[in-house]
Amino acid sequence: NAGVTQTPKFQVLKTGQSMTLQCAQDMNHEYMSWYRQDPGMGLRLIHYSVGAGITDQGEVPNGYNVSRSTTEDFPLRLLSAAPSQTSVYFCASTQGPGGNQPQHFGDGTRLSIL
Amino acid sequence: GQQLNQSPQSMFIQEGEDVSMNCTSSSIFNTWLWYKQDPGEGPVLLIALYKAGELTSNGRLTAQFGITRKDSFLNISASIPSDVGIYFCAGQLLRGSNYKLTFGKGTLLTVNP
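Chains as they are written, first to last, in our numbering: chain A, 5 to 118; chain B, 1135 to 1247.
The shape of chain A in the complex, shown without the other chains (with noise of 0.2 Å):
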C-alpha cells in the first residue's frame, strides 16, 4: 500500500526553469491538495481538487499550474521557477471533505530555486 507518493524527493532548478512535481495515490481518493511548508509559516495550501476535472485555488496559487486529468495524479507545474517558490512541497490525498476523512500527506519534494 503505497499510500500518497511523491516525485522527485529533492530538485536544484535555475531561476526561470519549467518543471512538474508529480503526486500519485493509490487509495481512490477524490481529493488532492499541494502544500508548500516554508520556516515559520507551517503548511499553505497551492491548489486543490475536489475530483478528475477539477481543480481550484488555494492561499498561495500564483505561479504554479494544477490538472486533475485522472483520480489518481495530481501534478503541480512551475512554469518559470522564481527563487520566492524554494520550499517543500507536499501533496496530500483525503476521500472526502470533513475531519472524518483525514488527509493522507506523501513525504514531500525539497525545491532549491537558485
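Mixed in with the good hints there might be a few duds.
To be verified - Computed spacing ranges between beta-carbons, pair by pair:
1) Ser-1216/B to Pro-12/A: 24 to 30 Å
2) Gly-67/A to Leu-1189/B: 40 to 46 Å
3) Val-16/A to Glu-1175/B: 19 to 25 Å
4) Gln-99/A to Glu-1149/B: 34 to 40 Å
5) Asp-30/A to Asp-1172/B: 20 to 26 Å
6) Glu-1188/B to Pro-12/A: 37 to 43 Å
These are computed hints drawn from the structure, not numbers from a lab.
Small disclaimer: the values here were computed from a predicted structure and weren't measured.
Ideal placement from N, C-alpha and C gives every residue a C-beta, glycine not left out.
Following the hints, put chain B in place on chain A, whose structure we already have.
Just chain B now, with coordinates in the frame of chain A:
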C-alpha cells in the same frame, strides 16, 4: 482569510514531563485536527475533533475542541524522546464542497532524555 495562531512556537522539555500546546482562530471551525511531522516526512494525523467541547484521547495524547469553536489544545503526557517533532493544528470549515484546511505555524517539540 482564516488565520490560526499556534503557541508556543517551540518547547524544550525533559523526558517524563507533560506538554501543552494550543491554537486559536479569528473565526470558527467545525473540525479541528492535530498533526505531527517528523524530520524529512509529511505530517501524520494524530487526533481529529468534530464537535465543540469534544475531548478526545489517543494514548498519551489528549485534545479538545473549544466551546467557542475558535480554539483547540493538545496535551501530551509523560513525554518520551520519540515525541520530538513539529506539531501542527489545522482547522476546517465545511461549506459545500469546500474542504480546505488552514494550518497553524507549528510547535517544535524537543525532549531531552
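Check: Does the Cβ distance between Asp-30/A and Asp-1172/B fall inside 20 to 26 Å?
Finding: 22 Å, holds
Notebook entry, point to check: In this structure, is the beta-carbon distance linking Ser-1216/B and Pro-12/A contained in 24 to 30 Å?
Noted result: 28 Å, holds
Check: So does Gln-99/A sit 34 to 40 Å from Glu-1149/B, Cβ to Cβ?
Finding: 37 Å, holds
Margin query: The hint says 19 to 25 Å between Val-16/A and Glu-1175/B; measuring C-beta to C-beta, is that right?
Written below: With a Cβ separation near 21 Å, Val-16/A and Glu-1175/B satisfy 19 to 25 Å, so the hint holds.
Notebook entry, point to check: Do Glu-1188/B and Pro-12/A keep their Cβ atoms within the hinted range of 37 to 43 Å?
Noted result: 40 Å, holds
Check: Range hint 40 to 46 Å: satisfied by the CB atoms of Gly-67/A and Leu-1189/B?
Finding: Since Gly-67/A and Leu-1189/B have Cβ atoms about 42 Å apart, the given range 40 to 46 Å holds.
The structure meets every hint from the earlier list without exception.
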